[in-house]
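Engineer: Assemble the complex: chain E is given as a structure, and chain A must be docked to it using the hints.
Taken in sequence, the protein lines are chains E and A. Using my numbering, the first residue of the first sequence is number 116, and each one after it goes up by one. Using my numbering, the first residue of the second sequence is number 90, and each one after it goes up by one.
Note that these hints are calculated values from the structure, not bench results.
The calculated BS3-like cross-link candidates involving lysine-lysine, where the alpha carbons are at most 27 Å apart (straight line), are: (1) K466/E to K118/A; (2) K153/A to K466/E; (3) K153/A to K160/E; (4) K145/A to K400/E; (5) K158/A to K118/A; (6) K118/A to K149/A.
Covered stretches of chain E (chain A as the covering partner; in silico rule of three or more C-beta atoms under 8 Å from a C-beta of chain A): (7) 151 to 157; (8) 400 to 408.
Keep in mind that this is a model prediction, so the values were computed, not measured. The beta-carbon is built from N, C-alpha and C at its ideal position, and this holds for glycine as well.
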Amino acid sequence: METAAQGVTLGFIISGLVVGGLIGFVLQRGRFCMNTAFRDTIFIKDFTMFRAYLLALIIMIIGSNILNDMDIIHLKAQSFYPLANIIGGFIFGLGIVLAGGCGSGIVYRVGEGQMASWVAVLGFFLGIGATNSGVLKPVYDALRTVQVGPSGMTLMTVAGDTPTMKWIIIAVLCALLSIYVLMGKPFKVGKQKGFFWSVAAVLMGVLGVITFWASEHWGSPGFARGLNFTTPTGELFFTILTGDARSRFFPMYDLGMFKVTWAEFYIIGVPLGSYISARILKEFKWKIPPATEMLTVLGGSILMGFGAVCAGGCNVGQALTGFSTLSIGSIVATIFIILGNWTMVYFKFIKPMNED
Amino acid sequence: MGELSSKTPDQTLDVLGRVCPYPLVLSKKAVEKMSSGQLLKVLCDAPASAEDSIPKWAEKQGLKFESVKVAGSDSWELYIQKS
Numbered sequence: 116m117e118t119a120a121q122g123v124t125l126g127f128i129i130s131g132l133v134v135g136g137l138i139g140f141v142l143q144r145g146r147f148c149m150n151t152a153f154r155d156t157i158f159i160k161d162f163t164m165f166r167a168y169l170l171a172l173i174i175m176i177i178g179s180n181i182l183n184d185m186d187i188i189h190l191k192a193q194s195f196y197p198l199a200n201i202i203g204g205f206i207f208g209l210g211i212v213l214a215g216g217c218g219s220g221i222v223y224r225v226g227e228g229q230m231a232s233w234v235a236v237l238g239f240f241l242g243i244g245a246t247n248s249g250v251l252k253p254v255y256d257a258l259r260t261v262q263v264g265p266s267g268m269t270l271m272t273v274a275g276d277t278p279t280m281k282w283i284i285i286a287v288l289c290a291l292l293s294i295y296v297l298m299g300k301p302f303k304v305g306k307q308k309g310f311f312w313s314v315a316a317v318l319m320g321v322l323g324v325i326t327f328w329a330s331e332h333w334g335s336p337g338f339a340r341g342l343n344f345t346t347p348t349g350e351l352f353f354t355i356l357t358g359d360a361r362s363r364f365f366p367m368y369d370l371g372m373f374k375v376t377w378a379e380f381y382i383i384g385v386p387l388g389s390y391i392s393a394r395i396l397k398e399f400k401w402k403i404p405p406a407t408e409m410l411t412v413l414g415g416s417i418l419m420g421f422g423a424v425c426a427g428g429c430n431v432g433q434a435l436t437g438f439s440t441l442s443i444g445s446i447v448a449t450i451f452i453i454l455g456n457w458t459m460v461y462f463k464f465i466k467p468m469n470e471d
Numbered sequence: 090m091g092e093l094s095s096k097t098p099d100q101t102l103d104v105l106g107r108v109c110p111y112p113l114v115l116s117k118k119a120v121e122k123m124s125s126g127q128l129l130k131v132l133c134d135a136p137a138s139a140e141d142s143i144p145k146w147a148e149k150q151g152l153k154f155e156s157v158k159v160a161g162s163d164s165w166e167l168y169i170q171k172s
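Next up, chain E with everything else stripped away, as it sits in the complex (with noise of 0.2 Å):
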């Protein structure tokens, strides 16, 4: 992407951190982790947090896809590469098991003091820079090479593309992810500590479409960006190693010297929010795992940068913001994302339990 002439201002700064902070401060009173939403419907299985990552999904779909129409953001759909989105996916998927948390779970843990969350965002960006512009670029572009449909394909392509097709999908799909989330009775809302998992899904996925208005207008002028933790994360290395954003596909902005995007600051946002949100739940501590499991989180947070810049996104980036414009490739690799987590949680939870 070249360079926008444009210089940073203040409300493009204070917007990113405010909009991350929100972000994270709901994260982590919502313990909103989609590794455990995938998880626990096999290990223990219980689907409440499931459940919560598709009523924060039918949100951000109707959301978006209104606000699409009333020309106030502009979604655009990723081009469906069966390779990259089905491999890269899967590999994201096991890499989350490993590295306890997912694109966002780690994020936000980072506010919490896990100290296995710092190494797991630093391995994070090791797995995306290496993929964006190293050794694992030559994968990432042989992945990227096969694209079926014309690009930016999304159910309406396949389906007759007009906005009565558009919203006859739209209503299909979330009136059967609605009969599936009211049975986990969302309204019947618990006393807790923390909020409780329809509360947190909601406010959720009203982030998410406000994000994707925010990222536009502040950041993305002509193109709702929307939620996502790869790319931001990968562009705020990459702009302290090098002074460069490196954004591929979102403009940036000049600040001083650097090169910076919009992104950078929700994402410096998000464990801002967390720590605050943990510090008054006095949730904050600083936690260190044993040496082994930190060299496992650091190899599944590596495998998660890979796979997420193979898939384009990660569980937020595809599985929600992808989702919501409806792309064919973003399900596709949210799809995998879930069987990737699956997999590994049978080979490292389930597998060994049964053999003692």
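Structural biologist: Just chain A now, with coordinates in the frame of chain E:
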């Protein structure tokens, strides 16, 4: 004192300092090795595990469960009885 926390546990599991999901994984493993009626005490300081995942799992499994917040500290004593 609750019904379970007043009893002497058959086994104590210390997962202090461990983060999600290990407290749950290790508790599940310990309970599965125990025989029916035995009581496990888990020392845990991971809020997400102590307040969410372990109670949810115990409820699903129909295990008797009791949680005691240790006064003056940010940890919990969790009592789980195998049914």
